[in-house]
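**Student:** Sequence:
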Amino acid sequence: MTLKLTNIILGTISAACVLARILFKATFSAGELGWDDYMILATLVFGVPSTIVQDIGTIKHGLGRDVWTLSFGTITVFVKWFYIIEVLYFFNVAMLKLSLLFFFLRIFPAKSIRRLLWGTIAFNICFGIAFILAAIFQCQPISHYWEKWDGEHLNGKCVNVNALGWANAVISIALDIWMLVLPLWQVCQLKLAWKKKVSVAMMFFVGTFVTVISIIRLQTLITFANSTNPTWDQADASNWSTIEINVGIICACMPALRLILVRIFPRALGSTQYASNQYYAKYGTNRSGVLRSGHNASASGTRMGHDDEFAGKNAANAITYTTTFEVRHGDDEEQLVPMDDLSQKGQRVRSSGSSQASVSAASTPVQANMPPKGFS
Numbered sequence: 001m002t003l004k005l006t007n008i009i010l011g012t013i014s015a016a017c018v019l020a021r022i023l024f025k026a027t028f029s030a031g032e033l034g035w036d037d038y039m040i041l042a043t044l045v046f047g048v049p050s051t052i053v054q055d056i057g058t059i060k061h062g063l064g065r066d067v068w069t070l071s072f073g074t075i076t077v078f079v080k081w082f083y084i085i086e087v088l089y090f091f092n093v094a095m096l097k098l099s100l101l102f103f104f105l106r107i108f109p110a111k112s113i114r115r116l117l118w119g120t121i122a123f124n125i126c127f128g129i130a131f132i133l134a135a136i137f138q139c140q141p142i143s144h145y146w147e148k149w150d151g152e153h154l155n156g157k158c159v160n161v162n163a164l165g166w167a168n169a170v171i172s173i174a175l176d177i178w179m180l181v182l183p184l185w186q187v188c189q190l191k192l193a194w195k196k197k198v199s200v201a202m203m204f205f206v207g208t209f210v211t212v213i214s215i216i217r218l219q220t221l222i223t224f225a226n227s228t229n230p231t232w233d234q235a236d237a238s239n240w241s242t243i244e245i246n247v248g249i250i251c252a253c254m255p256a257l258r259l260i261l262v263r264i265f266p267r268a269l270g271s272t273q274y275a276s277n278q279y280y281a282k283y284g285t286n287r288s289g290v291l292r293s294g295h296n297a298s299a300s301g302t303r304m305g306h307d308d309e310f311a312g313k314n315a316a317n318a319i320t321y322t323t324t325f326e327v328r329h330g331d332d333e334e335q336l337v338p339m340d341d342l343s344q345k346g347q348r349v350r351s352s353g354s355s356q357a358s359v360s361a362a363s364t365p366v367q368a369n370m371p372p373k374g375f376s
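Sequential numbering of the sequence shown, starting at 1, is according to UniProt numbering.
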């Protein structure tokens with residue numbers, strides 16, 4: 001009963017998180033769906049069959065029960081379903097990591113980190129394909145996988161399934177650690193107070209929860225392929241695999257869920273930037289000259305290069321200029337982290353935005369001892 005409840009509850013929560021993320025970005029957000037969204041959606045598409053197979057396949061046919069209480073036919077059916085679960089697990093692990101890596105590509109503009117991310121994506125794709133194929137063809141013929149348990153079918157052979165499971169788990173954990181180091185390295189380069197850096201880093205540290213679950217799952221693989229009571233001994237490995245995938249999906253959706261909650265409860269969950277965004281959206285630009293809007297609509301603002309008092313008294317001798325900005329951007333995940341500081345040359349980088357600036361100047365001779373205020 002515990003296995004069934006864990007499977008259904010976590011499967012429902014992770015599906016709700018993904019659907020909320022996709023529907024919000026497709027309907028209410030100005031940002032477009034990205035590759036990270038498609039990857040997490042693919043993880044869900046193959047995660048739902050995993051939940052169903054776990055429920056009507058392995059659990060129904062003996063998972064968590066003593067093998068000696070089951071008929072021979074039931075055991076064979078159980079192993080067939082377990083074979084499907086194993087292949088789907090390898091696929092879901094690879095897709096989940098791809099979703100996070102494409103999310104990092106969305107928020108990190110610097111070329112150095114993007115090269116590392118693309119390299120990690122390529123490695124993860126190779127990692128996923130290799131283990132999916134290894135899982136499918138681990139026995140020759142394939143049917144030997146669910147026939148060998150009785151010790152009577154000796155007309156086939158299998159690779160070391162235990163080694164296959166351990167190799168996948170160790171590489172997966174190493175990738176998780178690497179994928180945690182990459183964003184934290186970038187956070188350290190942010191020109192922010194240490195408290196703000198810690199706040200941003202905590203968003204990425206959520207991913208360590210999945211890594212901890214993966215490490216806990218390792219100890220369940222000790223007798224994974226060598227058990228004489230597979231329906232009983234493989235219950236823990238199956239349960240922790242379910243927890244790992246579903247918690248990973250939930251963690252991957254957390255940035256988008258935060259945006260949804262901020263949209264619903266802006267005063268309670270929004271930051272101080274939300275209030276300043278509202279001010280600048282109503283009255284003008286911020287100090288950097290870029291208008292920030294907390295809404296999806298486009299915004300424009302105009303800034304004068306000198307104050308009104310000086311302009312009134314010295315209009316004849318003043319140099320005046322006007323800078324006009326037209327900024328359009330969505331409220332995508334990029335706004336969670338001020339990644340402008342990560343641009344190599346200090347230029348503003350906006351993944352979904354455009355700006356136009358025009359400067360016009362008209363002047364008459366200016367007295368050397370009276371430089372106009374606000375001019376630089």
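The set of hints was computed from the structure by calculation and includes no laboratory data.
These numbers were taken from a predicted model, which means no experiment stands behind them.
Don't take every hint at face value.
Here are the simulated DMTMM-like pairs of lysine to aspartate or glutamate, each with C-alpha atoms no more than 20 angstroms apart in a straight line [to be verified]: (1) Lys148 to Asp233; (2) Lys148 to Asp66; (3) Lys4 to Asp66; (4) Lys157 to Asp236; (5) Lys4 to Asp233; (6) Lys4 to Glu147; (7) Lys195 to Asp150; (8) Lys80 to Asp55; (9) Lys80 to Glu32; (10) Lys157 to Asp55; (11) Lys80 to Asp233.
Distance ranges between label pairs, derived from CB positions [claimed, not checked]: (12) Val206 to Leu41: 16 to 26 angstroms; (13) Thr27 to Lys4: 28 to 38 angstroms; (14) Val159 to Lys196: 23 to 33 angstroms; (15) Arg65 to Met254: 47 to 57 angstroms; (16) Asp233 to Leu19: 27 to 37 angstroms.
C-beta: ideal position from N, C-alpha, C; glycine also.
**Student:** Hints first: check each against the structure and report whether it holds.
**Tutor:** Right, here's what the structure says about each hint:
no. : hint                                 : verdict
1   : Lys148 to Asp233                     : 17 angstroms, holds
2   : Lys148 to Asp66                      : 18 angstroms, holds
3   : Lys4 to Asp66                        : 17 angstroms, holds
4   : Lys157 to Asp236                     : 26 angstroms, violated
5   : Lys4 to Asp233                       : 16 angstroms, holds
6   : Lys4 to Glu147                       : 26 angstroms, violated
7   : Lys195 to Asp150                     : 60 angstroms, violated
8   : Lys80 to Asp55                       : 14 angstroms, holds
9   : Lys80 to Glu32                       : 40 angstroms, violated
10  : Lys157 to Asp55                      : 29 angstroms, violated
11  : Lys80 to Asp233                      : 16 angstroms, holds
12  : Val206 to Leu41: 16 to 26 angstroms  : 20 angstroms, holds
13  : Thr27 to Lys4: 28 to 38 angstroms    : 34 angstroms, holds
14  : Val159 to Lys196: 23 to 33 angstroms : 50 angstroms, violated
15  : Arg65 to Met254: 47 to 57 angstroms  : 36 angstroms, violated
16  : Asp233 to Leu19: 27 to 37 angstroms  : 35 angstroms, holds
The earlier numbered hints that this structure contradicts are 4, 6, 7, 9, 10, 14 and 15.
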